[in-house]
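Trainee: Sequences are here, hints too, so could you generate the full structure?
Read in order, the letters of the sequence shown are residues 1 to 401 in the working numbering.
None of these hints come from the bench; they were simulated from the model. Hints are not guaranteed to be accurate.
[To be verified] SDA-like cross-link-like pairs, simulated, lysine to any residue; straight-line CA separation at most 20 Å:
no., residue 1, residue 2
1, K276, P183
2, K276, I213
3, K4, P183
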Amino acid sequence: MDRKTLVLAISIGMICAIGPLATDMYLGAMPLMATSLSTTAATIQLSVMTFFSGFTIGQMFYGPISDRTGRKPIIYVALAIFCLSSFGCLTASTGEQLLVWRFIQGVGGSIGMVIGTAIIRDTHTGPAATKLMSMVMLVIGVAPILAPFAGSLILKIANWQMIFVLLGCYAALCLLVVAIWLPETRLPADRASSKPSRALITYGGLLISRNFIPYAGTMALVQGGFFAYIAGSSFMLMTVYGLSAISYSIIFSTNAIGLGIGTQICNRFATRFGVKAAVRGSVLLYTVIALILVATQLTGTDSLTVTCILMFILVMSIGGIMPGCNVLAMEAHGTIAGTAAALAGGLSFGAGALSSFVLGLLENGTALPLVSVMAGCGILAVLVTQVFFEDRQETTVPEKA
Numbered sequence: 001m002d003r004k005t006l007v008l009a010i011s012i013g014m015i016c017a018i019g020p021l022a023t024d025m026y027l028g029a030m031p032l033m034a035t036s037l038s039t040t041a042a043t044i045q046l047s048v049m050t051f052f053s054g055f056t057i058g059q060m061f062y063g064p065i066s067d068r069t070g071r072k073p074i075i076y077v078a079l080a081i082f083c084l085s086s087f088g089c090l091t092a093s094t095g096e097q098l099l100v101w102r103f104i105q106g107v108g109g110s111i112g113m114v115i116g117t118a119i120i121r122d123t124h125t126g127p128a129a130t131k132l133m134s135m136v137m138l139v140i141g142v143a144p145i146l147a148p149f150a151g152s153l154i155l156k157i158a159n160w161q162m163i164f165v166l167l168g169c170y171a172a173l174c175l176l177v178v179a180i181w182l183p184e185t186r187l188p189a190d191r192a193s194s195k196p197s198r199a200l201i202t203y204g205g206l207l208i209s210r211n212f213i214p215y216a217g218t219m220a221l222v223q224g225g226f227f228a229y230i231a232g233s234s235f236m237l238m239t240v241y242g243l244s245a246i247s248y249s250i251i252f253s254t255n256a257i258g259l260g261i262g263t264q265i266c267n268r269f270a271t272r273f274g275v276k277a278a279v280r281g282s283v284l285l286y287t288v289i290a291l292i293l294v295a296t297q298l299t300g301t302d303s304l305t306v307t308c309i310l311m312f313i314l315v316m317s318i319g320g321i322m323p324g325c326n327v328l329a330m331e332a333h334g335t336i337a338g339t340a341a342a343l344a345g346g347l348s349f350g351a352g353a354l355s356s357f358v359l360g361l362l363e364n365g366t367a368l369p370l371v372s373v374m375a376g377c378g379i380l381a382v383l384v385t386q387v388f389f390e391d392r393q394e395t396t397v398p399e400k401a
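Mentor: Quick look at the structure:
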């Protein structure tokens, strides 16, 4: 791996990690925040949804604009928004004020995945893009490993507001990294043909494109299950199985390691068998494990150990799905990479918001609703990969002896 590619992967990964950091770092502080702001736990939990809502809306604008203006200018704007709104969160004196600041924070934080995916498409295609995406996912994977522990450590030595101070400082660091190390990958000649005003028309075309919607749809379905896991795992492990906050952080971080392992396995399989085959296999594994989790809940054979092992494998399979789906969705849309990445991200976070809402409706005090939502998403994803993935010959790269 050359130094230029490594620097690119780390730079993109740092920006993309903003989303997981802003979500995972304060999960353990939610009860304390509810008390501090004299509001309900439900209101504080809603701050996750408002963040995702801002995340969805923000990237729908950033993609088309970056196609026209270049990648770096919009990154500067978005990171500044995230930085300022992070400091805004620590000034919140009511739950409602926190919701507003979290929404704005989501708008700024959404820059990572949409621009990161677009930059990868600007510079790489095929198995090379999958390899770079896997490297980026590995960098991103560090965030959910460290974030819960960082949040817990901050709460031991300071108040919950310091979590948002740290997030603001991290955004400032990302600004510095972008300015120094991240190159502009959107060439001036490509920008001239892009018009943000035509974004809705372009989005419409992508939604009916067989070269986009099957892959973005698969990614959205799997993300829907993953966001349900993020929203419901703390309740499942802490309330149903009685884990402490520290023990939950350890399990959550361990699963995040599985996510990183999955991206590397996907890279190996994609290199040898093609990206579509790697995605199909990962989706099938995800669904089988989710159905086994449902079966253990229905038959009463579940246990903390069994559930944790199965969840680790399931999250690992997600790490194998996301890079491949991203690459496949972007492959034929290089001239509108930012717009395509924005729509793919919007679909994913929209699915995540919907699955979290459905999970809330099904809540019954057991782990069954969570694993059922994940299994349902998996079944739909399998159908999409089997019916709508076109079986054109893929280019593969022979492995070195």
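Trainee: Evaluate each hint against the coordinates.
Mentor: Here's how the hints hold up against the structure:
Note on K276 and P183: the hinted pairing is violated, with a Cα-Cα distance of about 30 Å set against a maximum of 20 Å. For the given pair, K276 sits about 14 Å from I213 by alpha-carbon distance, which is consistent with the 20 Å threshold. Restraint check for K4 and P183: the C-alpha separation of about 10 Å stays at or below 20 Å, so the hint holds.
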